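Colleague: These protein sequences, in sequence, are chains A, B, C and D.
Following the numbering used here, the numbering of the first sequence begins with 4 at its first residue and continues without gaps.
Following the numbering used here, the numbering of the second sequence begins with 4 at its first residue and continues without gaps.
Following the numbering used here, the numbering of the third sequence begins with 4 at its first residue and continues without gaps.
Following the numbering used here, the numbering of the fourth sequence begins with 4 at its first residue and continues without gaps.
Since the hints were derived computationally from the structure, they do not count as laboratory data.
It does not matter which identical chain is used: a pair holds within one copy or between any two.
Distance condition first, Cα-Cα at most 25 Å in a straight line; then the derived SDA-like pairs of lysine to any residue:
| id | residue 1 | residue 2 |
| --- | --- | --- |
| 1 | Lys85 | Gly135 |
| 2 | Lys136 | His84 |
| 3 | Lys85 | Tyr122 |
| 4 | Lys85 | Ala165 |
| 5 | Lys85 | Cys169 |
Please read all numbers here as calculations on a predicted model, not as lab measurements.
Here are the chains, one letter per residue:
There are 4 protein chains.
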Amino acid sequence: MTDNVVLFMNSLVSMNKRIIAVIGAGIADESLRKTAEEVGRLIARRNAILICGGLGGVMEAASKGTTSEGGTAVGILPQDHKNEANPYIDIPIATGFGEGRNVIIVRTADAIISVGGEYGTLSEIAFGLRMGKPVIGINTWDIKGIIKAENAEDAVNKAFEALSKC
Amino acid sequence: MTDNVVLFMNSLVSMNKRIIAVIGAGIADESLRKTAEEVGRLIARRNAILICGGLGGVMEAASKGTTSEGGTAVGILPQDHKNEANPYIDIPIATGFGEGRNVIIVRTADAIISVGGEYGTLSEIAFGLRMGKPVIGINTWDIKGIIKAENAEDAVNKAFEALSKC
Amino acid sequence: MTDNVVLFMNSLVSMNKRIIAVIGAGIADESLRKTAEEVGRLIARRNAILICGGLGGVMEAASKGTTSEGGTAVGILPQDHKNEANPYIDIPIATGFGEGRNVIIVRTADAIISVGGEYGTLSEIAFGLRMGKPVIGINTWDIKGIIKAENAEDAVNKAFEALSKC
Amino acid sequence: MTDNVVLFMNSLVSMNKRIIAVIGAGIADESLRKTAEEVGRLIARRNAILICGGLGGVMEAASKGTTSEGGTAVGILPQDHKNEANPYIDIPIATGFGEGRNVIIVRTADAIISVGGEYGTLSEIAFGLRMGKPVIGINTWDIKGIIKAENAEDAVNKAFEALSKC
Chain A
4 MTDNVVLFMN
14 SLVSMNKRII
24 AVIGAGIADE
34 SLRKTAEEVG
44 RLIARRNAIL
54 ICGGLGGVME
64 AASKGTTSEG
74 GTAVGILPQD
84 HKNEANPYID
94 IPIATGFGEG
104 RNVIIVRTAD
114 AIISVGGEYG
124 TLSEIAFGLR
134 MGKPVIGINT
144 WDIKGIIKAE
154 NAEDAVNKAF
164 EALSKC
Chain B
4 MTDNVVLFMN
14 SLVSMNKRII
24 AVIGAGIADE
34 SLRKTAEEVG
44 RLIARRNAIL
54 ICGGLGGVME
64 AASKGTTSEG
74 GTAVGILPQD
84 HKNEANPYID
94 IPIATGFGEG
104 RNVIIVRTAD
114 AIISVGGEYG
124 TLSEIAFGLR
134 MGKPVIGINT
144 WDIKGIIKAE
154 NAEDAVNKAF
164 EALSKC
Chain C
4 MTDNVVLFMN
14 SLVSMNKRII
24 AVIGAGIADE
34 SLRKTAEEVG
44 RLIARRNAIL
54 ICGGLGGVME
64 AASKGTTSEG
74 GTAVGILPQD
84 HKNEANPYID
94 IPIATGFGEG
104 RNVIIVRTAD
114 AIISVGGEYG
124 TLSEIAFGLR
134 MGKPVIGINT
144 WDIKGIIKAE
154 NAEDAVNKAF
164 EALSKC
Chain D
4 MTDNVVLFMN
14 SLVSMNKRII
24 AVIGAGIADE
34 SLRKTAEEVG
44 RLIARRNAIL
54 ICGGLGGVME
64 AASKGTTSEG
74 GTAVGILPQD
84 HKNEANPYID
94 IPIATGFGEG
104 RNVIIVRTAD
114 AIISVGGEYG
124 TLSEIAFGLR
134 MGKPVIGINT
144 WDIKGIIKAE
154 NAEDAVNKAF
164 EALSKC
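Kindly produce the complete structure, drawing on both the sequences and the hints.
Modeller: Right, dumping it as structure tokens:
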């Protein structure tokens with residue numbers, strides 16, 4: 004009985020956990036990686052789960068930030084094998100769907116934070132806005148609908164602020 | 004023997020057929036639909052196959068244009084059932100993958116022509132540029148890498164010109 | 004006006020076209036390939052469209068049969084590039100979704116004919132039965148729900164008989 | 004420096020974590036659910052991650068077992084929204100790919116344990132065997148290649164035994 008109550012409360016906690024996507028290029032300069040790592044840290048401090056594409060660059064930096072704070076980093080991989088994930092991913096998902104996996108990242112996320120980014124990132128921004136989800140951008144594509152942020156802290160604040168209104 | 008030669012030649016012809024994607028919104032004003040229909044007609048006159056998302060608006064207009072010239076219109080549907088296709092689609096493909104089907108349209112196409120378009124179209128433009136394919140735009144998103152065209156004829160000319168260099 | 008009537012009638016004809024999947028292994032012995040080719044021919048003679056996985060073995064034989072009768076063969080490929088299709092495919096669709104493409108073949112088909120087949124084929128049989136579609140089997144897996152057929156003619160007859168009751 | 008060492012060791016631990024799929028029907032009788040719950044518990048005790056389809060029946064029972072032991076339950080959902088997951092899922096992934104998500108479950112898993120199951124489960128068994136992964140079956144489809152198990156403990160033992168040989 005007590006066990007069931009604990010379980011139920013745990014599951015509620017888990018259900019209430021926000022999932023935040025960090026999107027950006029697989030190869031990124033140090034400045035973007037530092038920003039992404041800080042975003043990852045702040046997501047964990049908010050008790051949210053990080054979801055990303057599971058590879059290098061911005062994705063790896065965000066994963067490192069999240070796990071360094073004891074948070075959970077989920078990587079949705081384009082490849083067939085889960086060992087393609089960067090070393091900071093706790094939960095690697097091997098889709099085998101190539102770029103098709105971009106849709107899954109965005110669909111699963113409550114909000115999306117874009118740090119820099121190339122065309123792959125643009126596809127994720129587009130899906131996020133199409134699905135009506137908050138998309139926060141730091142130094143990223145200039146697309147109507149994106150909520151612009153100055154830095155990591157500003158971005159995470161704006162993501163949670165947008166979610167509090169949903 | 005003769006039969007086999009004919010078959011082999013047919014298959015070569017088929018293999019050589021270009022596949023051109025027309026992307027754009029499912030609800031579009033008359034001007035965009037007229038442009039899309041003309042693009043569809045010109046694709047058929049070039050003996051190429053049209054691929055699109057299979058639904059209404061720009062997709063339906065392009066399909067109508069292509070089939071009115073005796074060409075083939077392929078519709079890659081987000082839904083589970085092929086009867087969701089617009090009435091001008093010859094080959095409906097029911098993916099059941101929702102927005103995930105956008106990747107398939109772009110992957111299959113040799114070149115992409117964007118006519119207007121909302122966020123879904125933007126995701127397809129992004130995938131096209133990411134895959135290094137020619138993306139021609141009429142009255143569409145302003146994204147670096149897009150080849151701008153004035154009208155339907157200009158767009159189809161530029162698509163085939165780009166392909167002749169591949 | 005007359006044009007529109009013709010177009011509308013064409014589109015009705017097209018909408019009414021059945022799509023039949025032929026599933027089976029990418030490497031198959033001559034007996035299975037002969038059967039698959041005959042199934043492909045009979046599908047075309049019924050004025051239906053063939054859909055298959057687009058690769059070798061049973062898929063190639065069925066495509067050859069269909070196109071030899073002037074029918075249309077659609078290949079839903081696991082790979083990223085449409086030039087991976089066998090030479091008899093008229094409409095190659097490059098999904099880039101690996102085995103995930105099996106779902107698309109089955110979802111698009113009105114009925115499924117299995118000729119021999121390994122584990123990949125078994126996944127397609129399972130999806131077909133799960134979706135409540137007629138699955139006809141020649142020399143294939145022994146799964147409850149499959150309608151067994153003796154040969155190509157028997158299989159195609161049973162497929163269309165099942166569809167006439169839907 | 005010390006932090007980095009800790010992080011690196013954590014990531015190694017995480018990378019080494021096995022991921023075990025439990026597959027089975029979304030509606031299942033009490034006996035199957037009890038077995039699935041016990042399988043879920045044993046997976047957690049082995050310090051492995053559970054992956055499943057995230058819905059009811061066998062999937063929910065396995066998730067409950069895993070989280071009751073403090074383990075992690077990942078649910079790969081067919082739907083568009085993560086709140087479709089059963090209440091014991093820690094990490095819900097909203098694919099929006101319908102049955103297409105079955106491939107992702109199997110691709111991500113190191114081994115698959117089937118508890119009962121209908122046609123959807125059969126498609127996952129087929130994918131598992133196709134990918135050359137150990138597929139353990141309790142009271143499930145009779146398909147060549149499945150390693151049969153008597154009960155939950157036997158199944159989990161046989162899954163890890165098979166993995167130790169990979």
